[in-house]
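Last residue of the sequence shown: number 245 in our numbering, and the count goes up by one each step with no gaps.
Hint data in this document are derived by calculation from the structure and do not stem from the laboratory.
Treat the hints with care, since some could be wrong.
BS3-like cross-link-like pairs, simulated, lysine-lysine; straight-line CA separation at most 27 Å [to be verified]:
no., residue 1, residue 2
1, K201, K190
2, K155, K190
3, K186, K155
4, K75, K(-2)
5, K155, K200
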Amino acid sequence: MNTVERLKQVARRLSTACDEAIAGLEASGAVAHATNPLDYAWAHHEQYLEQWGGLGATTLLLGMNPGPWGMAQTGVPFGATEVAKSFLRIEAKQLSTPTNAHPKRPIVGLGLERQEVSGTRLWNLMEELYGSPEATFANLFVVNHCPLLLLGERGQNITPDNLPKALIEPVLEACDDHLREVVEVMGITRIVGVGKYAEKRARLAFNAGKKGPGTTSDGREIEITTCWHPSPASPLANRNDGADWRENVRNVLMN
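Build out the structure end to end from the sequences listed, making use of the hints.
Next up, the structure:
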């Protein structure tokens, strides 16, 4: 089985584990709506894996979980709809809104006009640094640690670190398993957490301390580091009209 087929296999396995947890997450009251883009947007995510998962990348950019305007609509990590179509070359497929989705957050898919700022910033910088998606994915690949869109009653985004540990831990353990499998399948040698939370999850998954490398099950060392998150809610990402954020990411990836 080649790299792409193995990536699809492990993504399906993670999707199933997350589907099994959704009812419990919603029943707890900590999350009003939990939906899985690896399920309802698989037709897009599969394209992402098929086109870009087998080009030899050894660096993994690790995000946290989807927002309502990015991967939730496109099935692609940090997937603002315009960059998903133009840079990542995802062909629009008909997607169905899950029955448990927030009524204010329907699944429009690649036709959504609102652009996710984080995704636009990230992929535009990749194009600036590498020039083409082929060159980008020969160097790096991007995954989210957790694939679930988690929303409150008002439609606000909820991140996994803001949920009770006992509630979210089974999901995060499945996500850690998926991360370890992606690293093994792709031969990843370096993980860059996009933000401190993603770095923390990578360090936990590979038994790394606060500094230094992690270790795979077969004893291979994995460099684990971090870059600033491109969220518009982050003062670091907004500083100097984003120039400082771009410089931070450039320094991490190019050094």
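How the hints compare with the structure:
Taken as a hint, the K201 and K190 pair is honoured in the structure, with Cα atoms around 10 Å apart against an allowance of 27 Å. Between K155 and K190 the CA atoms are separated by roughly 15 Å; this keeps the pair inside 27 Å, and the hint holds. Our distance criterion of 27 Å between C-alpha atoms is met by K186 and K155, whose separation comes to about 18 Å. Distance restraint check for K75 and K(-2): the Cα-Cα separation of roughly 21 Å lies within the 27 Å cut-off, and the hinted pair is therefore satisfied.
A distance of roughly 20 Å separates the Cα atoms of K155 and K200; the hinted pair therefore holds under the 27 Å criterion.
The structure is consistent with each of the numbered hints, conforming to all of them.
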